[in-house]
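Asker: This is what each chain is made of:
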Amino acid sequence: MSKTISIAVHHLTRVEGHGNIVVDVKSGKIEKCEWQVPEAPRFFEAMVRGRHYTEVARITSRICGICSVGHTLASLKATEAALGITISEQTVKLRELLKHAENFDSHVLHVYFLAAPDLLGAPSVFPLVATHGPVVARALRLKRLGHECGSLIGGRTTHPTKAVPGGFSSLPTVKELEELKAKMLASVPDLEETLKTVKALAGAIPAFDRPTEYIGLHAKNCYALYDGDIQSVLPNGDKKLYPVADYRKVTNEYMTAASTAKFTKNRMESYAAGALARFNNNFEQLLPEAKQAAASLGLKGICTNPYMNTVAQVVEIVQSFHESLAIVDEFINKGIRDEPLAKPTKFGKGAGATEVPRGILFHEYEYDKDGMCLGGNCIIPTNQNHANIQKDFEALVPQLLKDDADEKKMELRLEMLVRAYDPCISCSTHFLDVKFIR
Amino acid sequence: MMAKPKVAFFDFTCCEGCQIEFTNYGDAAFLELLKHVDVVEFREAMSEKTKDPIDIAFIEGSFSREADRPRLEDIRKRAKIVIAYGQCATTGGVNALKNHTKDYKQFVYQKDAAMPHLDSQKAVGVDQAIKVDYYAWGCPVNKYEVLQIVSHLLHGKEPVIPNYPVCVECKRRETICRYDVGDYCLGQTARAGCGAPCPADGIPCEACRGFVDQPNQDALVKVLSKRAGMPWGWAEGKSRMFTANQRGDAA
Chain A
175 MSKTISIAVH HLTRVEGHGN IVVDVKSGKI EKCEWQVPEA PRFFEAMVRG
225 RHYTEVARIT SRICGICSVG HTLASLKATE AALGITISEQ TVKLRELLKH
275 AENFDSHVLH VYFLAAPDLL GAPSVFPLVA THGPVVARAL RLKRLGHECG
325 SLIGGRTTHP TKAVPGGFSS LPTVKELEEL KAKMLASVPD LEETLKTVKA
375 LAGAIPAFDR PTEYIGLHAK NCYALYDGDI QSVLPNGDKK LYPVADYRKV
425 TNEYMTAAST AKFTKNRMES YAAGALARFN NNFEQLLPEA KQAAASLGLK
475 GICTNPYMNT VAQVVEIVQS FHESLAIVDE FINKGIRDEP LAKPTKFGKG
525 AGATEVPRGI LFHEYEYDKD GMCLGGNCII PTNQNHANIQ KDFEALVPQL
575 LKDDADEKKM ELRLEMLVRA YDPCISCSTH FLDVKFIR
Chain B
1432 MMAKPKVAFF DFTCCEGCQI EFTNYGDAAF LELLKHVDVV EFREAMSEKT
1482 KDPIDIAFIE GSFSREADRP RLEDIRKRAK IVIAYGQCAT TGGVNALKNH
1532 TKDYKQFVYQ KDAAMPHLDS QKAVGVDQAI KVDYYAWGCP VNKYEVLQIV
1582 SHLLHGKEPV IPNYPVCVEC KRRETICRYD VGDYCLGQTA RAGCGAPCPA
1632 DGIPCEACRG FVDQPNQDAL VKVLSKRAGM PWGWAEGKSR MFTANQRGDA
1682 A
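Note that the protein sequences, when read in sequence, are chains A and B. Count the first sequence with the numbering used here and you get residues 175 to 612, in order. Count the second sequence with the numbering used here and you get residues 1432 to 1682, in order.
In short, the hints are calculated from the structure, not lab data. Beta carbons are placed, not taken as given, at the ideal position from N, Cα and C, and that holds for glycine. Don't take every hint at face value.
[Unchecked claim] Some chain A residues well away from chain B (every beta-carbon gap over 10 Å; in silico):
(1) 192
(2) 255
(3) 376
(4) 413
(5) 470
(6) 478
(7) 518
(8) 544
(9) 581
[Claimed, not checked] A partial selection of chain B residues facing chain A, derived with a Cβ cut-off under 7 Å:
(10) 1448
(11) 1452
(12) 1458
(13) 1470
(14) 1479
(15) 1526
(16) 1528
(17) 1629
(18) 1632
[Stated by the list, open to error] Here are the in silico distance ranges between beta carbons for each label pair:
(19) 1500(B) x 360(A): 46 to 52 Å
(20) 1498(B) x 385(A): 35 to 41 Å
(21) 1465(B) x 409(A): 42 to 48 Å
(22) 431(A) x 1613(B): 50 to 56 Å
(23) 350(A) x 1533(B): 43 to 49 Å
Take these sequences, add in the hints, and give me the full structure.
Answerer: If you want it as structure tokens, here you go:
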């Protein structure tokens, strides 16, 4: 092999935030193969210092515009753990609904707007308006549905307002929930068509397996999203549980020179978080509708092809839709109670975790006796995926070289791989570009 | 009326949530909008890029590193109209909350803080680097106000952006004042245009669209402390959250 390849993708497109891909192959020898994160660092952990506990989630929500619901919830959980605030069952249910709305909303965005253009050979969703008009219209309708559901519960979906420490500042009415239910039921055909579209495109998803560790929340009674313990599953099915308070023992953050984001590792040299990691941990707990979707799309646990994360997101779209419908129904039947916000009972340190669309998210804060924040720590899913993306690169590039892939194909495959993780680089700090040099 | 203008989105230091708002219009409004504008660059959603002139450039995010200046200058050179899109771009937004501290790098990155790529300066609005023609305030932007700005520009009209406080909008929708229920609020100095949803939902306005021009900041601190009973230190630092660069003491 005497191939020389130079890939330098600067500020990769169709991902949230800024990332670069750099591959340098000289005479068939890989000299450089890097996933770099040049996002401007933002220092949120330092910014919450000196802020009152009622302000902290409003600030840390701003870490990410796509998963601001998840950041709000992880932040509230950490604050509530630190302050000994016990929330009501109704609040838990409403937060679950809000979480499902975000998962649905964000996955629709990724599957249709960010990932699908690669499978259809288009540079973005915009040219698809002319060639695949009904599909784009369907995507926009589904995106809007997730947005409306989330806005009803959270006030808005980008930086929700109503979810506050101890509960909700304002509650939806049964009438509003009935209207939401009608909109959801009217969307069932769009959901069915989504499965058909993805099934038709699934053949274009690259084959590539690299067994790794998968980490996500695990709950006893449901497919975990809002709450649970931390669970790791290895490719051989070996599972290990950790309490959320011990999250640092799982994440083990470290810095590298190529990246403004921190990297993580646990039982193997890297691990994955996100829809595929959740699926691999908890696929037996999916609702029958979601199990059926997984079967029809050929997704089986434990799946070690990172490109299949997009398919796992489609399965979760179905899961979150039906879970949401069940919660909405429950409230329509039981009604909504006016509840005062639960109050702090102590001031100290606490951690919270929730699953955001891109994977498990940790927040931790400490408060003084006046409820002012002394400092925080946030470990974002995309950070947890950076090392895994790097290891995927190191396995994929030699394989592509062996298959005699040209520069263009290699670049596309690497870009698609990064996109499959649906990275949220502003979160992790921001994303990377890929460069090929021949 | 402007012929189908070429529109592009660019992002700097931010969460990109304002760009996401662009996807929340639903099918009818979004597809209608695309009949009137030609989106030529939007890195978060498309791989297409352009080096050609642009009619309207939406810039999201703060100017927080000197290294970003040439990119901003290039956008300015190519764009007829530059819109600072969202609070990070208009005033520095929440990113400016670190501006009054000196140890933020050490606090977050500890022993690695000296790595050159972690360089960061004070976060400010993009108008500190280039000329900005219009401001779409808000964290996030009000997506309907954005449609209105675009529509005005298409028709050759000056966009009308409120320069009165959020209190006006609360009165208009008959929301009970947060102070009357024992809470605090920044609505008296905050720029309206959002429709005041937060007080109506039982929470204070945090001025996420920034201050009106010439806010009475001394009176704000006094009202927070005297009327809402906020400890002086908290009341004094309250406006750092979304309006740090609009404070009298902003460097």
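Asker: Given the hint of 46 to 52 Å, check if residue 1500(B) and residue 360(A) actually sit that far apart at their C-beta atoms.
Answerer: 49 Å, holds
Asker: Once the closest CB in chain B is found, is it more than 10 Å from residue 192(A)?
Answerer: 8 Å, violated
Asker: Mind checking the CB of residue 1526(B) against every CB in chain A and telling me if the closest is under 7 Å?
Answerer: Holds - the Cβ of residue 1526(B) comes within 7 Å of chain A, reaching about 6 Å at its closest.
Asker: Would you settle whether the hint for residue 1448(B) is holds or violated, based on the nearest Cβ-Cβ distance to chain A being less than 7 Å?
Answerer: Holds, because the Cβ-Cβ distance from residue 1448(B) to chain A comes to roughly 2 Å (cut-off 7 Å).
Asker: Was residue 518(A) rightly flagged as not at the interface, with every chain B Cβ beyond 10 Å?
Answerer: The claim stands: residue 518(A) keeps its Cβ more than 10 Å from every Cβ of chain B (closest is about 16 Å).
Asker: Hint check: is the beta carbon of residue 1458(B) less than 7 Å from a beta carbon of chain A?
Answerer: Status holds, d = 4 Å.
Asker: Does residue 1632(B) pass the interface check with chain A, least Cβ-Cβ distance below 7 Å?
Answerer: 4 Å, holds
Asker: Given a hinted range of 42 to 48 Å, is it respected by the beta-carbon distance of residue 1465(B) and residue 409(A)?
Answerer: 44 Å, holds
Asker: Have a go at the residue 1452(B) hint: is there a Cβ in chain A nearer than 7 Å to its own Cβ?
Answerer: This interface hint holds because 6 Å falls under the 7 Å limit.
Asker: Is the Cβ of residue 413(A) more than 10 Å away from each Cβ in chain B?
Answerer: Correct as stated: the minimum Cβ-Cβ distance to chain B is 33 Å, above 10 Å.
Asker: Is 50 to 56 Å right for how far apart the beta carbons of residue 431(A) and residue 1613(B) are?
Answerer: 52 Å Cβ-Cβ, so the 50 to 56 Å window holds.
Asker: Over 10 Å from every CB of chain B: does residue 255(A) meet that, or does the non-interface label fail?
Answerer: 22 Å, holds
Hint check: violations occur at hints 1 and 8; the rest are consistent with the structure.
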